[in-house]
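My request is simple: use the sequences and hints to build the entire structure.
Residue numbers (my numbering), protein chains in the order written: chain A, 321 to 744; chain B, 11 to 88; chain C, 57 to 434.
Please note that a few of the clues may not be correct.
[To be verified] Partial chain C-side listing against chain B, Cβ under 10 Å, derived:
1. SER222
2. ASP280
3. ARG281
4. ASP355
5. MET356
6. THR357
[As the list claims (entries may be wrong)] Listed next, the in silico SDA-like pairs over lysine to any residue satisfying Cα-Cα at most 25 Å (straight line):
7. LYS466/A x SER65/B
8. LYS380/A x LYS555/A
9. LYS466/A x ARG22/B
10. LYS410/A x ASP335/C
11. LYS466/A x SER35/B
12. LYS410/A x ARG192/C
13. LYS410/A x ALA122/C
14. LYS380/A x ARG22/B
15. LYS555/A x ARG697/A
16. LYS380/A x LYS663/A
17. LYS466/A x SER503/A
18. LYS380/A x GLY26/B
19. LYS410/A x ASP331/C
20. LYS466/A x PHE21/B
21. LYS663/A x ARG697/A
22. LYS410/A x LYS555/A
23. LYS410/A x LEU397/A
24. LYS466/A x ASP67/B
25. LYS466/A x ILE16/B
26. LYS488/A x GLN25/B
27. LYS466/A x PRO12/B
[As the list claims (entries may be wrong)] Label-pair distances were calculated between CB atoms; the ranges are:
28. GLY490/A x GLN228/C: 38 to 44 Å
29. GLY47/B x SER202/C: 30 to 36 Å
30. GLN646/A x TRP246/C: 50 to 56 Å
31. ARG79/B x ASP586/A: 37 to 43 Å
32. GLY391/A x ASP348/C: 43 to 49 Å
33. GLY81/B x GLY194/C: 44 to 50 Å
34. PRO136/C x ASP80/B: 55 to 61 Å
35. ARG186/C x ASP80/B: 40 to 46 Å
36. PRO660/A x GLU233/C: 37 to 43 Å
Worth flagging that the hints you see were computed from the coordinates, not collected in a lab. A virtual CB, placed ideally from N, CA and C, is assigned to each residue, including glycine.
Chain by chain, the residues run as shown.
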Amino acid sequence: MTVNATTNEHVDLLIIGAGPAGMAAALAAAPRGLSIALLDDNPLPGGQIWRDGPNAQVPKQAQDMRGRLQGFSNIRLHSGCKVVALAGAKRLLLEDAERGWVLSYDSLILCTGARERLLPFPGWTLPGVTGAGGLQALIKGGLQVKDERIVIAGTGPLLLASSATAQKHGAEVVRVAEQASLSAVAGFAAGLWRWPNKAIQAITLASAAYRTSAHVLTALGTDRLEGVRIQVGDKIEELACERLACGFSLVPNVEIAQALGCTVRDQAVVVDEWQATRLPDHFAAGECTGFGGSELALVEGRIAGLVAVGERETARGLWAERLRWQGFADRLNTAFSLNPALKTLAAPETLVCRCEDVRYADLAGHGSWTGAKLATRCGMGACQGRICGTAAQTLFGWEPPLLRPPFSPARISTLACLDEGESV
Amino acid sequence: MPELSIDGQPFRFAQGTTVAAALMSSGDRCSRTSVSGQRRAPLCGMGICQECRVSIDGLRRLACQTICRDGMRIETQP
Amino acid sequence: MSEAPTLQGHAADVIVIGGGIVGAACADELASQGLHVLVLDSQRPAATAAGMGHLVVLDHSAAELALGEYSVRAWCELAPQMPDDCAMRTNGTLWLACNEEEMAEAERKHAALREYGLACELLSGAELARAEPSLRSGLLGALKVSGDGILYAPNAARWLLQRQSSRVVQRQAEVVEVQGNRVRLASGEWLQAPAAVLASGIYARELCPDLPLQAKKGHLLITDRYPVQITHTLVELGYVTSAHKGNGPSVAFNVQQRPTGQLFIGSSRQFDNHDPEVDAAMLGRMLRRAMDFLPGLGDMTGLRSWTGFRSASPDGQPLIGEHPHQPGLWLAVGHEGLGVTTATGTARLLAAQLLRTPPPLDLEPYLPQRFIGARAHA
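Below you can see the structure in the form of structure tokens.
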């Protein structure tokens with residue numbers, strides 16, 4: 321049995337997401353002495369980029385930031401904790417492994433990050449197929465890939481990062497299939513002199529297995545992945561492999577922001593120069609405001625943290641740095657825009673909704689997300705349409721579903737904490 | 011080396027291993043069976059897709075967001 | 057989209073406004089009688105998609121009992137033809153008694169339903185515990201109504217709209233004005249037919265402000281899939297004796313397990329609240345109540361909650377018949393929480409009036425005239 325604390329918690333500043341943006345926000349705000357809660361659904365702070373495990377150590381910058389977080393007694397870290405629902409004005413229902421409780425706050429900074437866009441193609445449900453960032457995370461978490469043949473497909477620099485992690489742990493990366501064209505990628509790389517450390521990363525990461533204008537067609541195998549069919553330019557190749565890691569760029573996690581009433585445009589939380597959303601006392605920073613890499617997330621987080629505690633002048637001093645990294649983000653997003661061919665990979669029998677096992681053919685005849693959902697159960701499963709809804713938006717142009725509580729699956733006993741015994 | 015069980019089978023792990031990594035290294039390397047009977051393995055690795063949901067000591071958990079602990083009893087869904 | 061055969065400027069024999077379960081059943085019934093029907097639906101969120109799909113015979117009044125019993129029987133006749141995705145099951149309802157007052161209500165209800173010929177039996181506390189071991193101990197007993205069932209209403213509505221496709225044509229369009237048998241679409245286009253049927257549930261008042269309908273907001277939550285926890289639809293008798301009696305916000309225990317294995321948890325009721333957002337406190341209260349009855353529920357996983365609006369008339373019975381002041385406009389509205397249950401009966405009562413055939417039940421208690429009489433206030 322899990323327990324539910326009847327005592328609720330109040331903090332001056334709540335930060336949701338302990339990746340680079342969230343950690344930077346907490347560290348920027350903390351010296352003013354306000355009570356701060358920093359929560360994240362992962363076991364350790366660091367977000368998707370800074371993960372440690374038996375196979376990984378986070379970089380020094382991340383270790384330093386973690387150390388400094390621990391040094392502030394006014395920062396309370398809630399790891400393994402997720403936001404379940406809104407519980408009234410400036411109140412959120414939270415759940416961790418042990419309990420559910422309501423936390424109230426005066427100010428909030430959303431640093432909910434981004435997730436990988438996963439697109440359906442024949443065979444993508446086979447064990448052995450993962451996300452590209454997913455594979456990286458799994459390897460860092462202890463997955464052994466030594467001597468495995470791995471194909472990485474999709475788009476963006478994350479493919480190279482994933483490839484580097486796999487190689488470092490003894491895998492043979494037989495192909496990195498980048499859907500963008502050579503000219504787009506070359507144009508992107510040529511502009512990197514403005515961000516020297518990014519240029520160095522790009523050079524170290526490129527490998528002989530790298531192909532542009534290349535995308536996955538089919539994952540082959542019966543019970544497990546055995547190989548991959550790939551379109552490379554106008555040729556089709558088949559490669560035997562044990563793993564396929566796919567990622568079609570990133571999608572900001574905007575669900576909580578949307579539920580709160582923040583404006584979301586082009587799938588990203590809209591903020592002003594102070595990282596403020598349209599709601600008073602509600603800020604957002606990092607990839608939930610648009611995909612731009614950890615350096616941009618860090619500076620946005622610092623600005624949000626400073627503004628949230630009233631230090632606007634210090635925050636203003638960081639605008640130039642933010643602008644510089646926004647330039648990088650803009651280049652990234654133009655260079656790696658999705659090839660429309662990726663929308664036609666799914667075959668009629670390909671499952672689009674992995675929770676409810678709904679086929680592409682069952683969805684294709686419908687005119688809207690809601691119509692398709694009601695008729696086919698697509699998006700009614702545990703991920704609440706985060707995978708299939710994002711895919712359906714890419715494939716069919718359907719508006720993504722608005723999340724209703726619980727924002728992610730939660731114990732009924734946690735949800736019952738919303739009952740305050742008040743007559744409403 | 012600490013040890014846990016996956017569907018009754020003992021599994022030894024290095025400190026800091028995620029349950030998702032453990033599942034992918036043991037048995038049929040899967041986490042659950044889909045509603046139409048397909049075996050599935052962890053996919054997104056970051057708490058979004060829910061493919062890695064398992065029962066740990068009787069409670070539903072996401073394997074990719076849970077660190078292995080000595081004595082854990084993990085069951086993949088039937 | 058194609059349209060129904062156009063006869064003398066008529067879009068069809070009948071225009072049905074609303075393609076939810078009531079509109080779909082009306083269209084299907086009228087088509088069965090040989091009429092060509094055009095169904096206009098705005099695709100706005102509505103009760104058919106939101107509700108529990110509980111086929112349940114209630115007996116607050118003789119009229120409610122008569123329509124419910126007749127309608128559930130009609131659903132059972134349809135059941136063999138319904139596709140699997142309608143998820144129709146005759147699982148029976150257990151009305152749970154927590155105290156002496158509720159047990160007395162179970163006995164009264166038992167007698168009333170038996171007299172009407174419904175299969176039902178009283179269970180002792182021990183019998184109830186054997187029938188549904190997941191329930192908390194200490195309940196006094198229950199009334200089992202065997203003929204009640206469940207179905208998945210969105211797919212049942214779609215099936216009813218599609219199965220006579222030569223005579224039922226659907227069009228996605230929002231009706232913004234109704235004048236008797238003429239309707240104006242949001243595009244400005246006017247359509248007319250010998251008869252128009254208003255079956256747009258909670259939206260009916262936008263077109264017909266004189267309808268005495270009130271919105272009652274409800275919350276629902278569905279869990280992950282589980283092995284069998286309960287076999288019947290479980291409803292507390294407090295549903296009728298206390299919980300939903302007054303006019304304040306209330307919750308009552310109402311749970312069914314879907315064929316998927318998901319537990320479907322209700323219910324709440326709020327008056328004059330038109331906000332479609334989930335009301336956190338209400339949801340919490342509803343789940344707290346459910347946990348009182350099913351202690352194992354607390355550790356189960358909730359996946360999704362949502363709200364819906366029941367469109368209720370002052371006496372709780374639907375309005376079925378021609379609008380007293382608008383010849384050619386026929387009403388099939390005001391079903392409150394029983395739209396799915398009584399859709400079949402509503403359709404037959406409406407068709408009988410429209411086609412002047414003998415009705416299967418006394419029409420009187422459902423006629424709109426009981427609320428919309430002479431133009432006293434006009």
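Handout entry: Broken hints, by number
Key = 1, 7, 8, 12, 13, 14, 15, 16, 17, 22, 24, 28 and 33
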